[in-house]
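Protein sequence lines correspond, in order, to chains E and W. FYI, my numbering numbers position 161 of the first sequence as 161, with every residue one higher than the one before it. In my numbering, each residue's number is its place in the second sequence (first place is 1) plus 709.
Source of the hints: derived by calculation from the structure; they are not laboratory data. A few of these clues could be false.
Said to hold, decoys possible - Simulated coverage check for chain E against chain W, where a stretch passes if three residues somewhere in it have a Cβ under 8 angstroms from a Cβ of chain W:
1) 78-89
2) 104-116
3) 299-309
4) 464-477
Claimed, not checked - Each computed DSS-like pair below joins lysine-lysine, with the alpha-carbon atoms no more than 30 angstroms apart:
5) W:LYS1001 / E:LYS190
6) W:LYS806 / E:LYS167
7) W:LYS778 / E:LYS186
8) W:LYS840 / E:LYS190
9) W:LYS1302 / E:LYS190
10) W:LYS1167 / E:LYS118
11) W:LYS1138 / E:LYS199
12) E:LYS190 / W:LYS1119
13) W:LYS1119 / E:LYS118
14) E:LYS57 / W:LYS1119
15) E:LYS523 / E:LYS535
16) W:LYS1138 / E:LYS57
17) E:LYS5 / W:LYS806
18) W:LYS762 / E:LYS231
19) E:LYS57 / W:LYS1142
20) E:LYS190 / W:LYS778
21) W:LYS762 / E:LYS118
Said to hold, decoys possible - A few chain W residues that face chain E, going by a derived Cβ cut-off under 10 angstroms, partial list only:
22) LYS806
23) HIS869
24) ASP871
25) ILE905
Note that the structure is a prediction, hence the values are computed from the model and not measured. Glycine included, C-beta positions come from ideal geometry on N, C-alpha and C.
Residue-level listing of the chains:
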Amino acid sequence: MYISKISLINYRNFKNTLFEFKKGINTIIGENGSGKTNLFRAIRLLLDDNMLRMSYKLNEGDFNRNLGDWRGHWIIISIEFADLSPDEAIQALFVHGTGNIEDNTVDRATYNLFFRPKADIRLRLAQLQNGDTEGRDAILNEISIDDYETYFTGKSSVNFNDENIYKEVVGDFEAVDFTFPDDASKVGVKIPHQLSISKEVSFTFIQALRDVVSDFHNTRTNPLLSLLRMKSEDIDEEDYAAISNTVKELNESIEQLPDVLDVSKNIKDTIKSTVGETYSPSSLTIKSNLSDEANKLLQSLKLFIGEPDEDYEGAVHELSLGGANLIYLTLKLLEFNYQKARETFANFLLIEEPEAHIHTHIQKTLFDKLDYGDTQIIYSTHSNQISEVSNLSNINVLSKRRNHAVSFQPARGLSEDKIEKLERYLDAIRTNLLFAKGVMLVEGDAEELLVPLLIKNVLGVSLDELGVSIINVRSTGFENIAEIFHNDRIQRKCAIITDLDASIVDYTPEAGDSEAQKKFKSKCKNSEIKGAERKTKLDEFVRDNDWLDAFYADHTFEVDFLIEGNSHEVAKTLRDVYVDKPTIQLAKEELESDDVGVAGKRILTMANNLGKGWFAILLGKYITHNTYIPDYIADALNFAIPKVGKAVISDMVNYRIHKNIEDDESLSFDRTKATLESFLNDDLNITDLIDTFEGDYGDDAALNFFKAI
Amino acid sequence: MFVWTNDELNEKQTSVIRNEANILLVACPGSGKTRTLTYKIAYELSMLNDTRKYVIAITYTNVAAEEIKERVELLGVDTSQLWIGTIHAFCNEWILKPYFSLLEDLRFGFRILSAHESEELLTTFCEPYKKQGITSWDCEHYTAIDGIQTKIKGGNKKVHIDNILISYFDYLREDHAINYEQILSYSYELLSRHPIISETLSNIFTHILVDEYQDTKDIQYHIIGKIYKAGKGKTIGFIVGDPNQCIYSNLGGYPISIENLSNISGLKFELHHLENNYRSSRDIVGYFDVFKTYANTIIPSSTDVDYDSVITHDETTNVADLVIEIVRLLKYNIEERNIHPNEICIVAPQWVHLAPITRSLIIAMPDFSFNGPGMAPFSRDLDNFWYKLSRIVLTEPSPDMFVRRLRWAKEVMDDLESSGANISGFNSKRILKTCNSIQLNDTDGLTYLEQFFNEFLKAVGIELDLYQTLKSSFDSFFESSKKRIDRIKSEGNDSIENIESFKKVFKQREGVTISSIHGVKGAEYDTVIAFGILHGYVPHWFDDGGSTSAKRLLYVLSSRARKNLHIISERGRMTRGGNEYNTTQALIESHFKYTKIW
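If we strip away everything but chain W, and leave its shape as in the complex, we get:
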């Protein structure tokens, strides 16, 4: 059995892990949620006594899945009976792939459209509606148990959007393709029409653990709920997250209530709380506590709980001087507060604001490194086969990378197999060896990758044109990368094409992190500098959640900070209508006594 000491987990965490009931665990920021989940997984894996059973863990992102899996492995537990991944990957692996033959639409096979492809396709279908100003962005949608929900719920655009989506889905059906949302809707359809599937799965899964439940959509709750329900207790539920950090409500995510959860799953869930925040100073906790939308207790328990935090709010800096102000804050933190640059994060509500800032900062502070968007020459489409392969291509073989690269090779192999390619005679080691043996001298990143991919295909004996999934993801990989590189080049970064800047993508990150609020989910830094905290961004105009959404975003961004927090609601940002953006209402209402540093 897997055991741990009191230094590793606190009493509450331990009791939750040992508890065999179905649990809904509300974990406040910095409470060791991921650690608890990791240990829970390790513990349940060690308790398995049947090689036919699986522990399922559903994470919000692939990165999180990989990280948790790695951590479980480091705990010395065999992960061969762990399945971990996003809900989409789960549905694909355990519901669609084994049961798609039961669906009239899919019985001839299907491929999954990448986000990029889907967007491109929608753009072409939006073309005839240019006059009405409809873009693919307007067509964003998600599936609910009763059908497709568009992000835009009403107004003139709605009718057109509905029409666009109808042609879009017709096209997909013809093309034997499905998008991400359809992975969920088809899975739900299968489970609804054939209850025996849920029964079978509940016999295989001892546990389904769900991370970040606050951002889980209704249809996802229902998919997992059906399996819980069919199992009548055979599959145990362990659902963790923080309702206060729910920031994807516009995509349908919501923190389910324990009553509703019990209803959907047919199981009795116990509600537990992790209340100790081991991350932030008392001051910081006191600050973000104000933005709570779900009442829970948070006990500041950091080793540095009495740190003399600096919390500022700047409502005077003009957008023109924003970079100067941020540079000033960075220097203040680094020089006067002794904060390591790696422990500083700059956040803004939207990605569009971040790229120019990143570039300006690189010029303004040439001695420092920055990790921001617009730095990578190709999109991080984690499900794209060629992205997966480039991870191996662009990293060097080394002892500490071996296990990770081997796992990537395994993913590459699994993908090849499921695309229908015949790779008998290959295993992950051989895939890795094949990759390592390909030597190229090209310095242009994209040319290098393309040549490499072709060599690789030759080595494994695959003719690309015959495998639709591989082919279309190949095209989409290069198409989106080219676009990206062109854009970055047009913004003045000429070295981006170089293979070295390709390789940097997978190197250990150094320097100040620059991210959107959504992007720092789960992360923590000594100092957080946020800008663009303005009504219209926080919350977004379209967000019908209003002040609740704003509070949650503020909650998330400020709870990332261990020590210092700087919020900027810069002046001089204008709407299209010519009005100036104002400070976010929730911030004004909080009436907090901010520090004055200058």
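Isolated chain E (complex conformation):
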């Protein structure tokens, strides 16, 4: 049995989030603050014996802030288990309390926590006439957290992530239509008191610890002590008798030490001489108090460890941080194994940010080897190193949104072989694709090198700052990787940037064309036809997917870059490409030609001579803030970046003003500056701003980008 789904509704930074898990090892990837710890806390509220009491102490702070007013709403934490074996006696009680009967089989179970208004409030809400908003508010405004109850059920049948289900089960706040009593066929049935789920399964949580040493010092959190506690229960009494006798003897001999006897005699004498015989204690001895009880004695044991390649064995606090972490993790894993040895039919191990425990290269080995058979492991990470070894299907990506987080399952709904291809891609490009807020897919090295440079120079912010990753697919096979961006999978924008390969010359054969010309024309023609075919296919591919769009260079990247008005930049590379002065002169003239057939042919010749990659590196040196971004790239960028904030736009505009004045002091941007202020104060919108800016300086290199926002 394993956890297959977790639905979180209104809990902390989850407004309505679904996580999907597979058997074995699962990864939660997410940036800091995206809610990894909250997810784990939610799971622990239901499964961790040590946390159960906390589930009765939820409060207003546990509601998602996006709700606005939490009063009347429910927090729902719902876990679905898959792969049950109802015929196994060991699972029977669990199935009895949580198993969902469908077509007379039970292969999944649900276990839910509801934090909701108590029955009286729900009843009063349900008694309201539909649309009685006043009545609703009168009830809701009175609610305090004391009016809430924690209620556990099993066997729920509905998908709580569905907003309509929430309306059905909890109520429609807008329409004032509330439900009471519960429809048990939907919300499930109270967990029978014979069943304690946290006792049925073994569950261990390993916290992301930054200070392991202090954990070792705390008796409650010291993992060695928990291990010893677990073992002390089954110590053989006969074996132990000899030790406890020795301790007794030891205590006696300490007590008999002359110095000790002296001290006790001195105390007695002093009391007597100060307060007199009458008020003196009748007896006084110093006793040695070493415990001879097994559990207490074992608690006095300490771990001594030698670091690799060192002879000295030290206590935990003497270890290097990495060493201490490794020991900590090992002990926790052992604790888990001890727990598992109890008769449980499901084992869960939650590890929070293992990168906080140990060095990445040890992690890799660890997770490759961490195979506990029937154990489901869920770990959270913000390290892309770990994500590389994980299986794409076993990943949930957490992404921050305003006041809440969403989760994506990158492989959901994809066929096995597609997933395999994707995994190969992801592995090969070693990218933080899964972390990016937006993605641009490009077909070659030139785009990969030049697009970031263009953006940094023209807009003054880097792609990293914008949260956009650029990924070089090194072919035009975008579909394989783009498929991951989808409503069902990763909900992030992905712009596909590719070439249409429209011919730069009229390829109609003419009498007298040389062999070379004929060949060239036919090549251009073929490219154009293929390009058009690719476009049809790609447009079709992205059509119904809001997360994808394709952006085309009319010809090829180099040509489109050139004819955007960047012949100046390209011309600067000539000295690096050609040595022969007349050739340089000819090439310069051709590059500046208005005929794309002439200019385009030249830049392609240069790029091909040098190799497109090298040429791009060369060209990169000459890109300035005055270089024009080709329209299709500006559009693609606009599509890929998540909502551009006002502050970012304002930064970009200021950058442009600053650069333009640097070039030409006579320019004035006073009107733009004034508009900018109004824009930041929400008095004017982006169009007003850009229009004013264009009025101030109509030839700005970033205008096409701004206009596309």
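Please arrange chain W on chain E, whose structure you already have, making use of the hints.
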């Protein structure tokens, strides 16, 4: 492991307990049936090696369940994995509560109507049929696997009764309420529609033990049978009772045959007998042996087997002199036979005959105590939450009551929880403490209870109006109690309202017991005095079992006696038609040589 000595159990009992086969155990009266069952439960509990397993014991009444549980606890066995209760409680706890969401009728939750509420409701539905003389009594029904069975099987009334029941059940459905019989029918429906439930339960239950099987209904056999069957031997059956003591056949109870039992359960059952009667003298055994309807051997094995029993049959006393005659018999037993009053029981076929007798006896013999019906100011509705709470309210905290009161508190807590109330932060100890801390001075019993209940609700933070189950059982508790008190007062007992007479209900009983024949099931006394043994009562006119039913009733009442037995078929009782009731036929046919004491 749980062990016992030869003094505690005889060889046969021991072998039955150790036997791991499925067993149908026929136990004659006084054979230590309850003791055997208790030890069997204790033994099987001690053999459990999995904390997820349960031993299920199904008893005929809640009182029996409580008693057996207490006895098992006294044997020093942990009862946390024992579930014991009536078949209705079993179905509710293990089938309805966990699976009701699968039933269209119940998915919005349900509450269980108390017997009192159900009767009231039926009475209102009978109202339009007053002319036809139909009462709620006529509408008594039970569920069988193929639907509702009415007690009245035919005649003019039948059609009307069917109509009444249809509206009654429609009303219940609307109201999200179910009556006792529906607990069984819905449970059976769930098990039939979803075999996986039986499979799951059979994985949880190592044993299902059934007491008093002779009074078990067909649908009950089928419910338990489905679980046995699904378990294919994982859940072991242990079914005990005495076919000779089957007295609820009009409600559908019957002693199943071993073949039929094997059929329903899919298990092979071994038939065993407990033949030693440790209770009665040879004379008494010889007497009730005549009324057997199932052939088994009964060996008189009492320590007082040779007691010179007095067995009389009086066919001359007139109903007007009945009390005088009973007083004479009581005095004879107490004074001449040295029988302790606590060891005497007076029985009659119907409760209606008992209340007036009780009151007359109290007046006639003021120096003696009597325990009879009509003495309690409120109905003993064992499933009513407020009845459960009043057990704690009306008993004093004391060391010997602690464990029992703690258990009652636990029941109170469980009920509160299942009614949907939020009582986090409470445990049984705290409930008990809360109750003990409530001090009231009112002397009127009902006012006292009502005030107490309100204080209690306040203390646990529950607003009564919001919890339908609690609210309706609250109303029904007070409504039925008021009626009862009014009736008792109208019969001349004025002190009944007093809180002291409320408290007496739960005090250790003293004195002569007065009960119906059905009510003495399982009990035993030195002397039994039975009256009203007349054809029309024994058997009842409506009983289509006829002489078999009569024999079984006679068997039950006479096997209660250890030493002396007095049967009175008084003269002068008249039917509505003006005919005199005659002595029960089976009694006449027995041709027994009775003792003459005067």
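Status of each hint after checking the structure:
1. Coverage of the segment 78-89 of chain E by chain W holds [criterion: at least 3 residues with CB-CB distance below 8 angstroms; count 4].
2. A count of 3 residues in the segment 104-116 of chain E with a Cβ less than 8 angstroms from any Cβ of chain W is obtained; the coverage claim is therefore met, three being the minimum.
3. Counting residues of the segment 299-309 of chain E whose CB lies closer than 8 angstroms to any CB of chain W gives 0, so the stated coverage by that chain is violated, three being the minimum.
4. Counting residues of the segment 464-477 of chain E whose CB lies closer than 8 angstroms to any CB of chain W gives 0, so the stated coverage by that chain is violated, three being the minimum.
5. With a C-alpha separation of about 48 angstroms, the suggested pair W:LYS1001 and E:LYS190 falls outside the 30 angstroms cut-off, and the hint is violated.
6. For the suggested pair W:LYS806 and E:LYS167, the alpha carbons sit about 25 angstroms apart, so the restraint of at most 30 angstroms is met.
7. Restraint check: the Cα-Cα separation between W:LYS778 and E:LYS186 comes to about 37 angstroms, which exceeds 30 angstroms; the hinted pair is violated.
8. Using a Cα cut-off of 30 angstroms, the hinted pair W:LYS840 and E:LYS190 is violated, with the two alpha carbons roughly 47 angstroms apart.
9. As the CA atoms of W:LYS1302 and E:LYS190 are separated by approximately 63 angstroms, the hinted pair breaks the 30 angstroms bound.
10. A distance of roughly 16 angstroms separates the Cα atoms of W:LYS1167 and E:LYS118; the hinted pair therefore holds under the 30 angstroms criterion.
11. With a CA separation close to 24 angstroms, the supplied pair W:LYS1138 and E:LYS199 stays within the 30 angstroms bound.
12. Restraint check for E:LYS190 and W:LYS1119: satisfied, since their Cα atoms lie roughly 18 angstroms apart, inside the 30 angstroms limit.
13. Under the criterion of a C-alpha separation no larger than 30 angstroms, the hint pairing W:LYS1119 with E:LYS118 is consistent with the structure, at around 22 angstroms.
14. A hinted pair counts as satisfied when its Cα atoms are at most 30 angstroms apart, and E:LYS57 with W:LYS1119 qualifies at roughly 24 angstroms.
15. Between the alpha carbons of E:LYS523 and E:LYS535 the distance comes to roughly 18 angstroms, so the proposed pair stays at or under 30 angstroms and holds.
16. Proximity of W:LYS1138 to E:LYS57 is assessed by CA-CA distance (about 22 angstroms); at most 30 angstroms being required, the pair is judged to hold.
17. The suggested pairing of E:LYS5 with W:LYS806 holds, with an alpha-carbon distance near 26 angstroms, which does not exceed 30 angstroms.
18. For the proposed pair W:LYS762 and E:LYS231, the alpha carbon gap of about 26 angstroms is at most 30 angstroms, so the pair holds.
19. Between E:LYS57 and W:LYS1142, the direct Cα distance comes to roughly 24 angstroms. Compliance with the 30 angstroms bound is thereby established for this hinted pair.
20. This hinted pair checks out: E:LYS190 and W:LYS778 have alpha carbons roughly 26 angstroms apart, not beyond 30 angstroms.
21. Between W:LYS762 and E:LYS118, the direct Cα distance comes to roughly 33 angstroms. Violation of the 30 angstroms bound is thereby established for this hinted pair.
22. Annotation: interface hint on W:LYS806 holds; nearest CB of chain E at approximately 7 angstroms, less than 10 angstroms.
23. At a threshold of 10 angstroms, the smallest CB-CB gap from W:HIS869 to chain E is about 34 angstroms, leaving the interface hint violated.
24. Residue-level restraint check for W:ASP871 is violated (minimum Cβ-Cβ distance to chain E is 31 angstroms; threshold 10 angstroms).
25. Using the Cβ-Cβ criterion of 10 angstroms, the hint placing W:ILE905 at the interface with chain E is satisfied: the shortest such distance is roughly 5 angstroms.
Checked against the numbered hints given earlier, the structure breaks hints 3, 4, 5, 7, 8, 9, 21, 23, 24 and satisfies all the rest.
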